[in-house]
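Novice: With the sequences and hints as input, model every part of the structure.
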Amino acid sequence: MSEVVFKTQGVTKVYDTGDVKVYALDGVDLELYKGELTVLLGPSGSGKSTLLNILGGLDHATDGRVWFEDTELTNMSDRGLTKYRRDHVGFVFQFYNLVPSLTARENVQLVTDVAPDPMPAAEALELVGLGKRMDHFPSEMSGGEQQRVAIARAIAKRPQILLCDEPTGALDSSTGVQVLEVLRDINDRFGTTTVVITHNADIQRMAHRVFFFQDGKISETRVNDERLSPSQIVW
Amino acid sequence: MQAIDRKLLRDFKRLWMQALAIAMVLACGVAILLTAVGLYDSLSETRAAYYERNRFADVFAHATRAPLSVLPEISQIDGVLSHEARITGDAILDIPGRTRTAVGQILSYPETDDPVLNVPMLVQGRFPDPGTPSEVVVNAPFAEANGFALGDTFDANLKGQKRTLTIVGTALSPEFVYTIGPGAMMPDDTAFGIIWMPERTAAAAFDMTGAFNDLSVSVAVGMPTEPVIDAIDDVLENYGGLGAYDRKTHQSDAFLDAELNQLKGMAAVLPPIFFAISGFLVSMVMGRIIALERSEIGLLKAIGYSNFEICLHYLMLAGLIALVGVLLGWGAGTWLARSTASQYAEFFNFPYVIFNVSYWVYAVAGLAGLATTSLGAAHSALQAARLAPAIAMQPPAPPRFRRSFVDDVMMRLRLTQPTIMILRSLLRWPLRSLLTSVGLGMAVASVIASLFINDSLDEIVDLAFFQSNRQDAMLLFADDIPETALEDIRNLPGVLQAESQQFHAAILRSGHRSKRVAIEARRPGTDLSRALDVNQKPLTVPPGGILLSERLAARLDVQPGETVQVEFLTGRRETFEVKVTDLAEQHLGLGAYMDFEYINQLFRQAPRLSTANVTLDTLQIDALHQAIKDIPLLTGIIEMNVNRRSFQETIEENIVVMNTIYIAIAILITVGVTYNAARIQLSERARELASLRILGFGKGEVSYILVGELMLIALIAQPIGWVAGAWIAQAMSSAFTSDLYAIPLVLKPATFAVASLIVLSAAFASAMLVRRRLDRLNLVAVMKTRE
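Respectively, the protein sequence lines represent chains A and B. Using this note's numbering, you'd call the opening residue of the first sequence number 1 and step up by one each time. Using this note's numbering, you'd call the opening residue of the second sequence number 1 and step up by one each time.
Treat the hints as calculated values from the structure; they're not laboratory data. Owing to the predicted nature of the structure, the values given are computational and were not obtained by experimental measurement. Glycine included, C-beta positions come from ideal geometry on N, C-alpha and C. Hints may be right or wrong, so weigh each one.
[Unchecked claim] Some chain B residues judged to face chain A by a derived CB distance under 10 Å, without partners named:
| # | residue |
| --- | --- |
| 1 | D5 |
| 2 | G298 |
| 3 | I303 |
| 4 | A390 |
| 5 | A392 |
[Said to hold, decoys possible] According to the in silico footprint, chain B covers these stretches of chain A (three or more CB under 8 Å from chain B):
| # | region |
| --- | --- |
| 6 | 79-88 |
| 7 | 113-125 |
Specialist: Put into structure tokens, the structure is as follows:
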């Protein structure tokens, strides 16, 4: 686990709301390694999502530098970031963000249509255990199923990185566990570098490493010598 | 198919009601453009082909009696290609089974060769045999209107000589595309016909052996007609020439031209309004879709869709709406143009219609539709493309409301919370509210622009038939007769009152402007036919003066007190300087009036009359008709109430169609705008309104907020619509005004009221349609939905 996938140097994000400047990130330095499953933990507003957005090429840092492998993302153009996301990054969101007018399969095809080397949409859905629900619309699925479609959509492009923002935030405990199992399985099977944001402290125990966030800074880093499987996690 | 395209199609399917409402408005624009331009093209082409195939002449002239020996002079005029000299005259006709007389315009038909110009096109039968003097061909509409079959006969009073004529054929001619009898306002095929008879018979009847009184000339392509006109006038000067004129002044062609101009005006004014409204509706709907799909846009960006692809995605949604609108418009436009073209062919006597809407018209209409909807969607689509992905994924910030002086006013008025919500929402999105009002205002304007014509026509009829021309009938004579004959006229059965009137063809000149008119002269104080001022007070013309209708004065650019040059084309053809004494109000024709005695002095003649205006005892009309069939020199009778009825009937038929179309259009616009505005509001406020329901508001109270806001916007739209409607009505009134007639701008409160009532009702019905959705709102589901 020595190959660095992400590296940040003094990354700062400031929201200027006129009179007040809010530091969402305040000089974050970190390195993420290939195949690693990382958990970013911290209360709301501590900067986790902002960092994830910057790593995923959804947002620019106000200050500091960010690298993906040998490529610097810091001042990349919009067009460059679009290509970066299209080729390398998979996203999973708290509220699934499925397109309601598309079926599960078609939601995945949204990605496979534009990715350079995708797996078939059906295969991605099989991987998350939804082989039999492929032609259902989001409104016909449970929250857990919808989130698994979102994961299938994220992994269908065979991304190098999977960025998950509160993937279990809207789910009950047992459904959440199913989703975490899928994430763990993907990480194990494909060695996809996975970053999971949560404010659920129990989830940290399935990670290789955990970053604790407080007021836009990393307050603590912990390495789990022994990882729990999702089924052992209860909340 | 790519998944994003499938999303596009499903979004479109979900929005179909809204999309259809917009597409219908767009379709109106496309259809009107297609119909107006298509009809214009079809009629222009038909006219051009008909004129060319049947060799319609370029210059026309009439004389009292010119010898055939002057024809070589005519053919030597520079630019003259060919000429046709004919004999023409009017005759009173006695049609079997018809008590009322009809008027026929006799035209000679050459005996040896075929006609060179104005060639009649045979519809039925054959042309008259020169050896059989009683054989004639009549124009087909006259035969049809009077139920004539080949072989039928009727009597004609040819300058006092009664002849029985046999119909051997029916024909149409490019000279009579619009066939209108002397003194009539509208074509009446039962009462006026064209009669082609062998040259020899016509010459004998009108005492024209070796002479002619009607000349047509064709001019070489590219040659100006003015020098030819001047040269013909020189040749005919000594033979009572009445001044040659070109096609522009030819009555039939002038009416056709006026109609074509109206079509051109319609194509220029109406479609842009529809395109603008559909563009606005698309922009309104797309703005809302993009607000709703914020997170989906963020997601598409997150997974790697480029700004361009996202922009295109939303533009294509607008494109689909445009596609439906354009296809509907093409279909409706083709049907409308085709059916209207055949109606036109019937109204104007064309033998055929070349229906041809060229592909470029379809292309232009389609592209215009696509361009306006794309333009409408462009702002929203660009906004979607510009949305930063990280921000798009977050719920939008709640709309910012600020306190203002309006809030204090609302507080003081002690308005209820729902009413305050309505008012705040209007003020929060002032531009959107205003544009919605403007859209609805256009619907109001559309109704006003069509309804005002009813009142205009009432005024035209009132002024022409009840104020100016109060006689029951006009008796027309071929040549002026001594005024002493008025006594004989008074003795005719049924005649109660008779007054004399003269007509003189003349050219009025002022500076470089000139106009050919018929000057009317009457004795001062005449009661039956009068010229009126703006306040409908009778005007008298002092000797040495001339009274002009307002439009004629405008054409000559003269004011009262200034002088005009009057060149008489009758009598000694002298020219006089005459002072304009007053302006008369007149909607039909370009009238000019002089004093009766003064004209007699100028012409150095004993008092004469060309027309007798009479009032009649209605019980004796049949007896009068019976009597005048035998009066020599009388060439026609115009019964004013028949004239008025035919005018009103023809116009009313058109107006009912036009009113129906415009009201349908207004309703379409209203539904399109209101339904979309209501759906957008419902979508924006579902949570808010559901919350109110949960808090204990009833369905009626909650829908008051939705329907109330829409109806408030509809109310604001009314004054906007009134002003726009008045403006469009004024534009139409001046666009439709020609030398032949003027459409006065008459705006009555009732017109505005009806327009508002129609639009407000349609708006309320559309709002209630959406209210049903509000009633069915699943409160729990709405509250669980993430914003």
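Novice: Work down the list of hints and note, for each, if the structure agrees.
Specialist: So, going through the hints one by one against the coordinates:
| no. | hint | in the structure |
| --- | --- | --- |
| 1 | D5 | holds, 9 Å |
| 2 | G298 | holds, 7 Å |
| 3 | I303 | holds, 5 Å |
| 4 | A390 | holds, 4 Å |
| 5 | A392 | holds, 9 Å |
| 6 | 79-88 | holds (count 6) |
| 7 | 113-125 | holds (count 3) |
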